[in-house]
Amino acid sequence: MSKVRLLVGTRKGAFILTADGARKDWAVAGPFFAGWEVFHVKGSPADPDRIYASQSSSWFGQVIQRSDDGGQSWHAVGNQFLYDGVPGTHQWYDGTPHPWEFKRVWHIEPSLTSPDTVYAGVEDAALFRSTDGGHSWQELSGLRKHGSGPAWQPGAGGMCLHSVLLDPTNSQRIFIAISAAGAFRSDDGGESWLPINRGLHSAQLPDPDAEVGHCVHHLAMHRARPNTLFMQKHWDVMRSDNAGDSWHEISGNLPTDFGFVIDVHAHEPETLYVVPIKSDAEHFPVDGQLRVYRTRSGGNDWQPLTRGLPQSNCYVNVLRDAMTVDSLDSCGVYFGTTGGQIYGSPDAGETWSALVRDLPAVLSVEAQTLP
Amino acid sequence: MTVAIRVELPSGLCALAGVAREVVVHVRGPATQRSLLDALEADFPMLRGTIRDAVSQRRRPFLRFFACEQDLSHCAPDEPLPKPVVDGTELFIVVGAIAGG
Chain L
0 MSKVRLLVGT RKGAFILTAD GARKDWAVAG PFFAGWEVFH VKGSPADPDR IYASQSSSWF
60 GQVIQRSDDG GQSWHAVGNQ FLYDGVPGTH QWYDGTPHPW EFKRVWHIEP SLTSPDTVYA
120 GVEDAALFRS TDGGHSWQEL SGLRKHGSGP AWQPGAGGMC LHSVLLDPTN SQRIFIAISA
180 AGAFRSDDGG ESWLPINRGL HSAQLPDPDA EVGHCVHHLA MHRARPNTLF MQKHWDVMRS
240 DNAGDSWHEI SGNLPTDFGF VIDVHAHEPE TLYVVPIKSD AEHFPVDGQL RVYRTRSGGN
300 DWQPLTRGLP QSNCYVNVLR DAMTVDSLDS CGVYFGTTGG QIYGSPDAGE TWSALVRDLP
360 AVLSVEAQTL P
Chain H
0 MTVAIRVELP SGLCALAGVA REVVVHVRGP ATQRSLLDAL EADFPMLRGT IRDAVSQRRR
60 PFLRFFACEQ DLSHCAPDEP LPKPVVDGTE LFIVVGAIAG G
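Sequence order for the protein chains is L and H. Numbering that gives the first Met the number 0 numbers the first residue of the first sequence as 0 and each following residue consecutively. Numbering that gives the first Met the number 0 numbers the first residue of the second sequence as 0 and each following residue consecutively.
Warning: the hint list may mix true and false statements.
Only pairs whose alpha carbons sit at most 25 Å apart, straight line, appear in this in silico DMTMM-like list of lysine to aspartate or glutamate [unchecked claim]:
1. L:K144 <-> L:E248
2. L:K11 <-> H:D52
3. L:K11 <-> L:D244
4. L:K144 <-> L:D48
5. H:K82 <-> H:E21
6. H:K82 <-> H:D70
7. L:K11 <-> L:D93
8. L:K102 <-> L:D46
9. L:K102 <-> H:E40
10. L:K2 <-> L:D244
11. L:K102 <-> H:D52
12. H:K82 <-> H:D37
13. L:K102 <-> L:D68
14. L:K2 <-> L:D48
15. L:K11 <-> H:D70
16. L:K144 <-> L:E190
17. L:K102 <-> H:E21
18. L:K11 <-> H:E21
Worth flagging that the hints you see were computed from the coordinates, not collected in a lab.
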């Protein structure tokens with residue numbers, strides 16, 4: 000019988016939740032790396048027992064952990080993330096130039112085909128790749144040297160590269176997103192990059208339609224349709240049907256189009272999930288009601304999903320890497336909150352329950368569907 | 000000449016290195032902050048970059064070095080360590096700043 004493994008990163012360590020295909024009873028293991036911030040934990044599609052974790056600390060810096068046995072044991076691998084050449088400056092919050100400084104790894108994206116190849120999106124924004132299982136890291140510096148880097152600026156969480164999507168039909172195509180620079184695409188394996196932000200509109204910019212500077216919060220893609228991308232921007236939920244060449248808004252009837260997460264049903268490429276958050280100042284659900292919104296038509300027409308979710312006095316946030324889906328026949332949907340709850344739905348969002356309630360603030364959730 | 004120096008690590012690094020609070024590090028030649036930390040990192044490679052920046056070799060800003068009730072954080076890296084540290088009667092203590100969290 001299939002089973003599901005959830006890899007959870009929190010402010011104070013990592014946790015692994017496992018359940019059989021019924022997804023009713025969950026075992027919780029952890030904390031791993033207790034006391035450290037774990038921004039992201041993700042397994043290799045080519046070998047699900049190979050898992051990478053980004054462990055960081057204001058005191059001790061960055062560590063990358065690797066497991067070769069499905070998270071039962073871990074060992075530290077390489078933690079040197081050196082920018083290629085002199086990295087120069089980006090904009091600080093006040094618009095003045097500020098030197099590029101490595102702070103942490105936000106997102107880990109293992110290759111679709113090789114367990115030893117893995118990408119790391121970091122703050123200050125850059126993309127690194129390892130081809131030796133995480134022992135050494137090289138910057139794909141064509142992104143940072145695209146020419147627009149001096150115009151990039153940090154969002155409230157820092158200037159992070161938080162989304163990495165690998166095209167399953169084209170090994171040379173990579174999509175990434177940076178807060179606050181925007182989305183970029185490479186068609187040559189990461190050597191050169193193109194900003195793909197046409198159609199985005201951000202009132203926080205001097206030119207709201209600028210080529211770069213947009214605060215993209217997260218990108219999502221369905222494996223069967225890699226030219227269709229979905230985006231939760233600072234404000235606005237967006238869609239592209241031409242690999243990012245242009246975007247149009249699909250916020251439709253959402254109660255607010257601010258939010259962080261966005262994800263796609265495992266088997267229905269037009270079924271999307273978001274968690275609307277009231278505003279950029281009020282990082283909690285509207286009216287204290289935690290609601291996932293689902294569209295089954297690719298956007299605009301959204302329905303609230305509430306069964307099993309708190310509908311009063313709920314003031315948590317759901318951060319950008321904290322939603323995921325499994326690929327069982329009845330698609331499971333999961334998300335974690337800054338209040339430490341992991342909510343799961345085994346029926347594509349119809350019903351929800353808290354799989355665990357009192358973890359540290361959740362930074363990321365990734366699902367692995369195992370045989 | 001090799002000396003055995005007792006080093007106390009903060010709990011976050013003990014867990015990372017899989018060691019108890021105190022470790023003994025054998026240092027060859029002059030015992031300085033640099034030679035001590037080089038030897039510590041050689042014994043425990045997972046600590047590289049967590050106490051000193053891996054490139055600049057500067058102490059990470061939220062860490063301090065104490066010994067003999069003195070703050071050695073701002074001593075030059077090649078300055079000799081205090082005698083009680085070198086002869087093993089006092090600990091070289093790596094301390095995380097009191098910075099909340």
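Structure-based check of each hint:
no. : hint              : in the structure
1   : L:K144 <-> L:E248 : violated (29 Å)
2   : L:K11 <-> H:D52   : holds (23 Å)
3   : L:K11 <-> L:D244  : violated (39 Å)
4   : L:K144 <-> L:D48  : violated (35 Å)
5   : H:K82 <-> H:E21   : holds (19 Å)
6   : H:K82 <-> H:D70   : holds (15 Å)
7   : L:K11 <-> L:D93   : violated (31 Å)
8   : L:K102 <-> L:D46  : violated (29 Å)
9   : L:K102 <-> H:E40  : holds (21 Å)
10  : L:K2 <-> L:D244   : violated (38 Å)
11  : L:K102 <-> H:D52  : holds (12 Å)
12  : H:K82 <-> H:D37   : holds (19 Å)
13  : L:K102 <-> L:D68  : violated (29 Å)
14  : L:K2 <-> L:D48    : holds (13 Å)
15  : L:K11 <-> H:D70   : violated (29 Å)
16  : L:K144 <-> L:E190 : holds (10 Å)
17  : L:K102 <-> H:E21  : violated (28 Å)
18  : L:K11 <-> H:E21   : holds (23 Å)
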